[in-house]
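Participant: Chain by chain, the residues:
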Amino acid sequence: MTAIPMEYGLILAGILFSLGLIGVLVRRNIIFILLSIEIMLNAAGLAFVVAGSRWGQPDGQVLFIFILTMAAAEVSVGLALVLQLYHKFKTLDADAARKMRG
Amino acid sequence: MNSIFYILSAVAIISTVMAITRLNAVHALLYFIVSLLSTALIFFVLGAPFVAALEIIIYAGAIMVLFVFVVMMLNLGPQAIKQEKEWLSSDMWLGPVILSTILIIELIYILIQHGRQPSGIIVIGPKQVGIALFGPYVLGVELASILLLAGLIGAYHLGRRAKAVETAKSPGNTKDNEKNAPSPPFSKGGFSNEIAEGESQ
Amino acid sequence: MLELLWLVPSLPFAGFLILALSGHRLPAKSAAFIGVISVGLSAAVAFIVSYSFIVSPPTGYSYTQVLWTWLQVGGFAPEIAFYLDVLSVVMILVVTFVSFFIHLYSVEFMRDDEGYRRFFAYMNLFVGSMLTLVLANNLVLLYLGWEGVGLCSYLLIGFWYKDPANGRAAIKAFVVTRIGDASMAVGLFLLFTAFGTLQIQQILHLASQHWPVGSALAVASAALLLGGAVGKSAQLPLQTWLPDAMAGPTPVSALIHAATMVTAGVYLIARTHVLFTLAPPVQSAVAIIGAVTLLLAGLSALTQRDIKRVLAYSTISQIGYMFLALGVGAWSAAIFHFMTHAFFKALLFLGAGVVILGLNQEHDMFKMGGLRKQLPVTFWTFLIGSASLSALPLVTAGFYSKDMILWQVWASDKGNVWLWAAGLTGAFLTSIYTFRMFFLTFSGDATSQVSRKPGIIMTIPLITLAVLSLIGGLVELPETLGNSPLLTDFLHTALPPLAISHADLSAEGNLQFITSLIALIGIIFAYRYFLHSPQHTGRREKIMQNPIAFAVHCFLFQGWNFDLLYDKFIVQPFLWIARVNKNDFIDFIYKGIALLSRALNRSFSFTQSGKVRWYAMGIAIGAIILIGIVELV
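The listed protein sequences derive, respectively, from chains P, L and D. Numbering of the first sequence is given in this note's numbering, commencing with residue 1 and proceeding in unit increments. Numbering of the second sequence is given in this note's numbering, commencing with residue 103 and proceeding in unit increments. Numbering of the third sequence is given in this note's numbering, commencing with residue 304 and proceeding in unit increments.
FYI, nobody ran anything at the bench for these hints, they're computed from the structure. Here the structure is a predicted model, which is why all the values come from computation and not from measurement. A few of these clues could be false.
Using 27 Å as the maximum straight-line C-alpha spacing, the simulated DSS-like pairs for lysine-lysine come out as follows [unchecked claim]:
#: 1; chain 1: L; residue 1: 184; chain 2: D; residue 2: 885
#: 2; chain 1: D; residue 1: 756; chain 2: L; residue 2: 187
#: 3; chain 1: P; residue 1: 88; chain 2: L; residue 2: 187
#: 4; chain 1: D; residue 1: 845; chain 2: P; residue 2: 99
#: 5; chain 1: L; residue 1: 229; chain 2: P; residue 2: 88
#: 6; chain 1: L; residue 1: 184; chain 2: P; residue 2: 90
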């Protein structure tokens, strides 16, 4: 099989990352913001695996496992916080929590 | 093999676009799961079967399912969808799209400069990943486990407060609101206290 | 025993420090004890030092005690040094003894005041500063004492600070005397530039050597020092602060504004008399200022209703006499009058304090009366004080001192008949207003009951000062009546006696007779118009019906409208200029800095919106910029 150029993989990761960034900046609902962050994390992991595959070493995959672990922990704590936010502000609007303003 | 890669890339990109533009939370999550599946297949094509499996099991199977559970628990009705519609006017998209376009162009520019390196030639299976994990990356594994422990305790604690208050809010219990909402003496201060007091207002 | 000299000013300062540092922790009785004892011990030491000085005088009749060098800048090295000569002896004796009795009086007078300890602290500080002023070896230390007494005057006039009117009176006193102090400071600079030293005796010696009589420098420095003296002694044109200074407690008025501080100007001129003899225009100005002021104040005192204001104007008038004496070269006469004035004026103020306290803070004389039976001791002592002030012939101290002044004004080369006439008119006015005050306060039927009679502690000072007001004149008997000029002989080593060329004994006798007659006529006049009876009130009102008389009465009551004059021509323009200048460009620089900070704050706080997505946007933009930089580099 012909090898896939690494750059294409990385470009794909970049595009997915940017899409996730758009999601973070545009959406106001906290759930969607968290979802977009997951999209970005996934894209970053994709970049790692592509890089590891280019060099033929397992390091990329190892790092992807770490990213996965971190994403899991982050999601669990983040969603617990979302629940607290919902109970306090009665809404999932991310702009509702803006008392810490200058 | 290349054509599979391109098809999968297309699927991933389209499903991600759908995920960020949906109004219904569950729809968006499901589209994202599709994106994750296609990413897993890309991993497979690149010769990393182990993480492909892990992606499906953990990412799509646990994390996204957690998301779905929380969305179900929040019990958002049709008025949530109406609100999403309000919030997502077309002029909201302009700025972020421009920013991201600039970002993508920059990234592509950097990447294209130095020619094409081949990848995906060797298949690296679980055995090699395992040896790497128990070898040079053993410290990372320990740290990751501590991170998971911290996440576990944090999620338990933060989730617990919400639960206690939620039972206090159930009908027939409003008289005890003032008593339940103030925290027991051993609770830690700050955030949870404030949440509880906010509840009693 | 002369080495004990440094204790004389230091003991009151020590008392002040103890009282100031212990504050309310000290019980009231202890505070009073410390306050009185410090001045009492100072008086005792002054007595010992003076006795030692008189019995075995040091060489040159002067003794200098250097404590330490205050500062050393280039060639300028003033010292903390005390200088004792005959003039100082008289001054410290009078100051310490009168202060001691007034402190004793205050123990009971201020008994109910919550600022009891503060009062004694300030009074001690005052006595210490006054003694420093009097004993100072050099003009810098004298200026320190000068400012110290000014400060204490401010603190004590505004003693009851909770009433803003008292604060305003204190500020007025301080600001007006400040004008004089500024003039004196410039005089000090001039003297230092001319002679390179500020030691008083050196200056006087060098001045008499290098400056011819009437030279411009002598006139300038004497005039500037005169400015300071005029401010502190409340003479024309800076006399407006003293009547309002009566807002302070009565012992303060007695001590500071009658017996001691206001005579600091007289002391200054007497101490630097060489400069004044070298500047005849200035010395004439001293005499003229004294003469005009004594008439001005005397006329104003005729119309006042508040008993303390009468005494304030009387003080201004009597110091005018002292200035008049200094102006014609009668130095020892001025010091003699200072001594007797300290006794009877303090006595009159303390007596007035008893009356005020007894009638529950009633100051208006027209509401008093009939106190003879209720306050017998006060009645007799006040009578003695009034008689001494009016210079009742032969029995009172005031007679001898005032008479000496009038005789020497007539007889001196620098005096003329107009000055004498002013002095005589002043004596007439003095007896009128003094006995007006006496009759209004004590005579007639009792209108109100005395609520608080003085105890033994308040009575002892009254009696002592009354005795001194009677016998204090015996130190200087004129030639016609015994010829024992003890004081003049004593003072001649520091203050040269007046050279009398063209007069003789019979003239002196005639003048004394005229003066005595005038005083008695004044008393009779007061008796006719100012008792408390319907007849007398009717007589007074008949005069007041006349519109001209009434207008004159109002004019004199306002103190010849000097306050109005100063307000209109000095204070209001100054305030106007200050208001106009309020937003000048220098102000704008400082305001601009503040405005700039606030504008920057506003623009930067815009970036802290509190919204998460805003911050995410910031991160994204930053990342893009960084990657762009990495790319381009």
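Participant: Identify every previously stated hint that the structure contradicts and give their numbers, smallest first.
Facilitator: Of the numbered hints given earlier, those the structure breaks are 1, 2, 4 and 5, listed in rising order.
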